[in-house]
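**Student:** Chains as they are written, first to last, in our numbering: chain A, 1 to 294; chain B, 1001 to 1294.
Quick caveat, the hints were computed from the structure, so don't treat them as lab data.
Keep in mind that a hint or two might mislead.
Sample of chain A residues at the chain B side, in silico, Cβ under 8 Å [unchecked claim]:
id, residue
1, 26
2, 28
3, 192
4, 196
5, 207
6, 214
7, 219
8, 221
9, 241
10, 242
11, 255
12, 271
13, 277
14, 280
15, 281
16, 282
Each pair of labels, with its calculated beta carbon distance range [unchecked claim]:
id, chain 1, residue 1, chain 2, residue 2, range
17, B, 1261, A, 178, 44 to 54 Å
18, A, 34, B, 1173, 51 to 61 Å
19, B, 1030, A, 27, 46 to 56 Å
20, A, 269, B, 1175, 22 to 32 Å
Anything over 12 Å on all C-beta distances counts as not near chain B; from chain A, calculated [claimed, not checked]:
id, residue
21, 29
22, 144
23, 202
24, 289
In this text, a Cβ means the ideal position worked out from N, Cα and C, and glycines have one as well.
2 protein chains.
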Amino acid sequence: MAEPLFKRLTIIGIGHIGASIAGALKLHPGTVAHLVISDASSTHLKRAEELELGDEYIASAAAAVQGADAVILCTPVGSFAAIAEAIAPYLVSGCILSDVGSTKRSVIRDVSPFIPKDVFFVPAHPMAGTEFSGPDAGVATLFEGRWCLLTPIDDNEEAAAKIETLWQTLGALPARIKAEHHDRVLAIVSHLPHLIAFIICGTADDLADETRDKVLQFAATGFRDFTRIAASDPVMWRDIFLNNKDALLEMLSRFCEDTQAMARAVRRGDANYIEDRINRSRKIRKNLIDIKQA
Amino acid sequence: MAEPLFKRLTIIGIGHIGASIAGALKLHPGTVAHLVISDASSTHLKRAEELELGDEYIASAAAAVQGADAVILCTPVGSFAAIAEAIAPYLVSGCILSDVGSTKRSVIRDVSPFIPKDVFFVPAHPMAGTEFSGPDAGVATLFEGRWCLLTPIDDNEEAAAKIETLWQTLGALPARIKAEHHDRVLAIVSHLPHLIAFIICGTADDLADETRDKVLQFAATGFRDFTRIAASDPVMWRDIFLNNKDALLEMLSRFCEDTQAMARAVRRGDANYIEDRINRSRKIRKNLIDIKQA
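Looking at chain A on its own, in the form it has when it is part of the complex (with noise of 0.2 Å):
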């Protein structure tokens, strides 16, 4: 039987994404000899216990990477300051510790400080999920065909293949890209749009009773497919825009501008504008579909 790419490997943070890559490890036996499992919450260790995701349930993280040769971050990012203070004097010489979250700079702010010489870090972010949360949201098969950016900080080149190996195992796509590159880019493409989807829900709710109980119960396709990307869970994405800020206030300064073009040229009638920006946003769209992102 080949080698197990890792021999004991620690997930901290048994929600969406996390249990997603357990799900996905079952898929592929062998790849990890050990699954261990840590959450601060009792309830999701507890029901994580009951849906078999690992091999062992630790609550404390420190506890969790103790002779872990890959520790994996799945907690909203937000907390991997703390968790990297708690965890790194347990970390053993030569472990891979990496993570999954949305921002990457802020991850590498928090997290490095901590990381004894003798431990690698490899940032990672798959570009999968839904707006589903907690263990019992885990999908085996999240990970397939979708990207995993990979912002590497040093020469742990062993390390950084190591993990491309394991997103690859798992179904995804691996790519790497600078750390600032990589915050921008999410901005605009799930950043922003996340937030404007939160937004204008809350912009609905804002109406007089009479208007906002019409406003659901005629919900239309734009409005209910904005509360499905804000449905998402509250504690993660307010960690990523507080994380990501200075490029999301960047992408929402340009957004803003283009929404009072926007809005004077409905007020003039300005019938070529509106059609040219209709017309640029279904070329974006075909050559979504063109490359297979759609």
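With the hints as your guide, set chain B onto chain A.
**Tutor:** Coordinates of chain B only, in the frame set by chain A:
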């Protein structure tokens, strides 16, 4: 055999919605005895004939309505005034004229002046649709379980009841609402979400080349969903935005205020405000799921 609801129904405009009505009528034979299809585009009309969507195909709208006891306008709302003017002299006494437009005050404003005294105008809006266009995009089951909003303008109860029966037969849920209220509700549940989707696609398209390439390569859930909404028909949406200008600009202005407040919260790191807004969105989503509109 039961009497048909309409002896001769003319659909003007055989795009996504017109073709879906034609398809739905095939699922319910006997509802209409003779279906006439008209379209200013010879390509669309020829395609409708190839797809056998109707019983007769007439390019001229004026010719197509002759002898019809019901006519449904299924073109973009910006074309309604010209079509109403063109067909008015040929509408027979007792004919019911209806439409499927997504704006209702503008439709009443544009169509009513041309309606002969013995013709009944029943504005309607089936709240269904996908991002696809043209006669090939017809979906026979499109209206099943979806609302169809009627905004009758005078005491034409019998005519309104017949249009309600038609939509009920096609599987829709008819409901009556004042035109002004319709336009405000649609502005927030459909028109503003679409406008925002078009804007954010443009914002992404304006980014510097290196980032834009990565935007396409790594399009994540939020952005992908926005591009799907934004793939809808340009002329239809241009017309909707220009014909529901007041309500749309009011909702856009509320949305922009809320966006500024959110930007300030992100800049200041106001975690409570952000989390509160996200939780309100989730509540709306939950409400939609509870009333089965999600």
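**Student:** So, for every hint listed, does it hold in this structure?
**Tutor:** Hints versus structure:
1. At a threshold of 8 Å, the smallest CB-CB gap from residue 26 (chain A) to chain B is about 24 Å, leaving the interface hint violated.
2. The interface hint given for residue 28 (chain A) is broken, as the beta carbon of that residue sits about 24 Å from the closest beta carbon of chain B, more than 8 Å.
3. Given hint, residue 192 (chain A) at the interface with chain B, holds; its Cβ is 7 Å from that chain's nearest Cβ, closer than 8 Å.
4. Below 8 Å, beta-carbon pairs count as interface contacts, and residue 196 (chain A) has one with chain B at about 6 Å; its hint therefore holds.
5. Interface restraint check: residue 207 (chain A) against chain B, minimum CB-CB distance 7 Å, threshold 8 Å, status holds.
6. At about 4 Å, the closest approach between the beta carbon of residue 214 (chain A) and any beta carbon in chain B falls short of 8 Å, and the interface hint on this residue holds.
7. With 8 Å as the threshold, the beta carbon of residue 219 (chain A) comes within range of chain B, its nearest partner Cβ sitting at about 5 Å, so the hint holds.
8. Given the 8 Å rule on beta carbons, the hint for residue 221 (chain A) holds: about 7 Å separates it from the nearest Cβ of chain B.
9. Residue-level restraint check for residue 241 (chain A) holds (minimum Cβ-Cβ distance to chain B is 5 Å; threshold 8 Å).
10. This hint holds: residue 242 (chain A) has a C-beta 6 Å from the nearest C-beta of chain B, less than the 8 Å allowed.
11. Look at residue 255 (chain A): its Cβ gets to within about 5 Å of chain B, closer than 8 Å, so that hint holds up.
12. Hint on residue 271 (chain A) holds. Least Cβ distance to chain B is approximately 6 Å, under the 8 Å limit.
13. A least Cβ separation of about 5 Å between residue 277 (chain A) and chain B falls short of the 8 Å threshold, and the interface hint therefore holds.
14. Checking residue 280 (chain A) against chain B by beta carbon gives a least distance of about 5 Å; that is within 8 Å, so the hint holds.
15. Among the interface hints, the one on residue 281 (chain A) holds; its C-beta lies about 4 Å from the nearest C-beta in chain B, closer than the 8 Å criterion.
16. For residue 282 (chain A), the interface hint holds, the least distance from its beta-carbon to any beta-carbon of chain B being 5 Å, beneath 8 Å.
17. For residue 1261 (chain B) and residue 178 (chain A), the hinted distance range of 44 to 54 Å is not satisfied, since their beta carbons lie about 32 Å from each other.
18. In this structure the hint that residue 34 (chain A) and residue 1173 (chain B) lie 51 to 61 Å apart at CB holds, the actual value being about 55 Å.
19. Distance hint check for residue 1030 (chain B) and residue 27 (chain A): the Cβ-Cβ separation is about 52 Å, which falls inside the suggested range of 46 to 56 Å.
20. Distance hint for residue 269 (chain A) and residue 1175 (chain B): a CB-CB separation of about 31 Å, consistent with the stated range 22 to 32 Å.
21. With a least beta-carbon separation of about 29 Å from chain B, residue 29 (chain A) lies farther than 12 Å from that chain, consistent with its non-interface assignment.
22. At the 12 Å boundary, the C-beta of residue 144 (chain A) stays outside the reach of chain B, the nearest C-beta of that chain being 15 Å off.
23. With a least CB separation of 5 Å from chain B, residue 202 (chain A) falls inside the 12 Å interface cut-off, contrary to its annotation.
24. The beta carbon of residue 289 (chain A) sits about 9 Å from the closest Cβ of chain B, which is not more than 12 Å, so the claim that it is off the interface is violated.
The structure shown violates the earlier hints numbered 1, 2, 17, 23 and 24.
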